[in-house]
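Asker: Given next are the chains, with one letter for each unit.
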Amino acid sequence: MATPISFLSDFGHDDEFVGVVHGVIARIAPEVRVIDITHGISRGDVHGGALALTRAVQFMPDGVFLAVVDPGVGTERKAIAARTSVGYFVGPDNGLLAPAVAMVGGADLIVSLEDPRFRLPSEGATFHGRDIFGPAAAVLASGQADITDLGPAMDPDAISPLLIPLAEPPQNGQVKASVLWIDTFGNIQFNISPEDLGQMGLSVGDDVLLSASMTEYRITWGVSYGSVEEGEPVIHVDSHGQIALAVRAGSAAEDFPISVGDPVTLSRPDGGNRIDLKVVPD
Amino acid sequence: MATPISFLSDFGHDDEFVGVVHGVIARIAPEVRVIDITHGISRGDVHGGALALTRAVQFMPDGVFLAVVDPGVGTERKAIAARTSVGYFVGPDNGLLAPAVAMVGGADLIVSLEDPRFRLPSEGATFHGRDIFGPAAAVLASGQADITDLGPAMDPDAISPLLIPLAEPPQNGQVKASVLWIDTFGNIQFNISPEDLGQMGLSVGDDVLLSASMTEYRITWGVSYGSVEEGEPVIHVDSHGQIALAVRAGSAAEDFPISVGDPVTLSRPDGGNRIDLKVVPD
Amino acid sequence: MATPISFLSDFGHDDEFVGVVHGVIARIAPEVRVIDITHGISRGDVHGGALALTRAVQFMPDGVFLAVVDPGVGTERKAIAARTSVGYFVGPDNGLLAPAVAMVGGADLIVSLEDPRFRLPSEGATFHGRDIFGPAAAVLASGQADITDLGPAMDPDAISPLLIPLAEPPQNGQVKASVLWIDTFGNIQFNISPEDLGQMGLSVGDDVLLSASMTEYRITWGVSYGSVEEGEPVIHVDSHGQIALAVRAGSAAEDFPISVGDPVTLSRPDGGNRIDLKVVPD
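Chains as they are written, first to last, in the working numbering: chain A, 1 to 282; chain B, 1 to 282; chain C, 1 to 282.
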């Protein structure tokens, strides 16, 4: 039985790239449904694409996950498919798939997409979404081929990993973290959990000191946006269970000079645990 | 039998939000088709979202209308579903649904989406499209639940209304109006009808005086763009039956200093009905 | 049996235009699948839309091709449907469909979409995607009408052509060409083929002199991006078999002052075939 394909890329919507991949899939497997996760990943941003895929994967139907953020297309990097408990992941071997595959429990088989029977013949070598990944996703989703037909198995340890920055464990009432994601609403997500704040003796309703860009901010940890007035910032647990900074009816990205990847420090605001005002990237 | 879901939001396409809501619906109700009306509503623009939904609703198939423009997510505003003659409207109780529901003849039942059986368990409280509205739309579209299962009925009078500015009736050969919408092609729609112009003694082919931003423009009322030369402005009845200002093979938004919500005055160009040059917002 | 509709336009995603056309089709033919090729064509750019449709058509499933880039909506230009070997093309008679129809072998019947039974009644005359083209595509895709039902046959020679600039044949080791397309990744496609370069005695691995904007660049003709270092430019055969300029892990559009439609000259870098440094638009 056919399963859906969930499709993520950095193709954008200015050109016909997304539509052409949909077309290639529809020609091979007309009965397969394709759900677009997003095609708004920044051009070539493998890290951002991997995080978006990881955030999305648990909400998508089991089936095939087709992800293409591929600045190395036309170079030696491999094209791969991985078999997991929720279905197949198809994309370039550049780390894009690694965190999502890890989150669903890892892959029990990874193959290199080399069999020409499941590639479109192409004059160029720069649109693997159309020529390699799309066809592989289509035959896997429709059951026209087994993953072992698509190419030779690879050593799972040979797969490119992707390092997602982990926060250091809280110490002396502070945690050094970094910015994972800033969404279109201007919400700023950190790589720390409510448990990290809890270990520092903080709980909902407390103020938190946020140090970023050599500036210190005192911000309430609220249940949600409604815990503060409009235009006020709030630290809260976001929809992925991560600690995030938001501004009610506003945009934290506009109000705070903070970018993705920036180091930040969160700490208890009481004097006994003064943090350095200067934030030194670790 | 399953009905389609027509989906509108301000989520944009940079993040995976739209895809995740599609995914949640596909997990709950794989057989339900989702048609995206638009996700390009300006961030938090409830008014713009309500107008877009109202313009679109008559052209979409009967079924479920899922609309999420929700600057109040994470506050006390309710999540609602409304039963109407064309199906169900699902979204936040902030006025977003009100004009479209009114246009299709009103709702005979409105419920507050409170039953946890039809919500995704979530750590945060900021992505109700994924956790509350999407699941509610999915079970209504697939018939897995009755609207009365989703939560307690609400007093229809307790629903948040949304005020769409009405033009004053024409007087002395002029009508005070305002700008409802400027589309991506730069067409400027006013909240007046051809009947309003007709009451002022104007008909197609006549010139109309448009006062906006303290400036007066004399513009032909044409059947369509073809009534004027390329680059010339034209007053015409737009595809929603409203009076609009366009520029043939151009953009009225680029040529006229007019924004959404601006007050304008349209009047007869003959001397007997001089209008004030100064436009005073009412 | 129903066939899919592949849909291309310049509607963008800010307004509900794309969604409304999907809605109209779903109301008429609920069983028909609509695949969006792209809606990111620049506003009114018939030439860019025609090229995108031509690039995409061979990858889309047979069925109906609905294309709307229509700066002449509301003027005298006709609305047409063309019958071809891969299905039907529906859109304005402004040249948008012509190159794609030619590429699939031409049309054996073209009709003017005039029968009011297959139009939505509309107060305005400015949204033919919704009122004329969408309904025509829906009835053709679902088989509810024959193309001959939609309106009178037209003389194929009366159809508006679209001129795609052809490069002059290579002479004296150089070829005068122009820029057809710059994609979202910054790749710059020329209207020349690898055969053109071959006729000039060039082969993969050679350097090529590119003259554009009165500047001369010496660039390697590589198999793909991998043939050069990151940040370096490369001439290669792109995914449509055309000669293109790219920058590995970068954007040629950012690094080269070249725009769509610009004249360029490619030549052999050896002295015996010096080209003029000044590029004169032909």
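Please note that a few of the clues may not be correct.
If chains are identical, the list can't say which one is meant, so a pair holds when it fits in one copy or spans any two.
To be verified - The calculated SDA-like cross-link candidates involving lysine to any residue, where the alpha carbons are at most 25 Å apart (straight line), are: (1) K78 - G241; (2) K78 - D45; (3) K78 - R119; (4) K78 - G250; (5) K78 - G143; (6) K78 - M1; (7) K78 - P116; (8) K78 - E254.
Note that these hints are calculated values from the structure, not bench results.
Treat the numbers as computed from the prediction; the structure is a model and nothing was measured.
Asker: The structure should be examined with respect to each hint, and the outcome stated for every one.
Answerer: Going down the list of hints, with the structure as the test:
1. With identical chains, the CA atoms of K78 and G241 are at most 25 Å apart between copies only, with a shortest distance of 22 Å across copies and 34 Å within one.
2. Taking identical chains as interchangeable, the C-alpha atoms of K78 and D45 lie at most 25 Å apart only when both belong to the same chain, with a minimum of 18 Å there against 37 Å between chains.
3. For a Cα distance limit of 25 Å, the shortest separation of K78 from R119 inside one copy, 14 Å, qualifies, whereas the shortest one across copies, 41 Å, does not.
4. Proximity of K78 to G250 under the C-alpha cut-off of 25 Å is restricted to the inter-copy arrangement: shortest distance 20 Å between copies versus 43 Å within a copy.
5. With identical chains, the CA atoms of K78 and G143 are at most 25 Å apart within one copy only, with a shortest distance of 23 Å there and 44 Å across copies.
6. For the identical chains of this complex, K78 and M1 are neighbours neither inside a copy (29 Å) nor across copies (40 Å), given an alpha-carbon limit of 25 Å.
7. When the C-alpha separation of K78 and P116 is checked against a cutoff of 25 Å, the pair qualifies only within one copy, where the shortest distance is 14 Å, while the shortest distance between copies is 45 Å.
8. For the identical chains of this complex, K78 and E254 are neighbours neither inside a copy (39 Å) nor across copies (28 Å), given an alpha-carbon limit of 25 Å.
Figure legend: structure checked against the earlier numbered hints; hints not met, in rising order: 6, 8.
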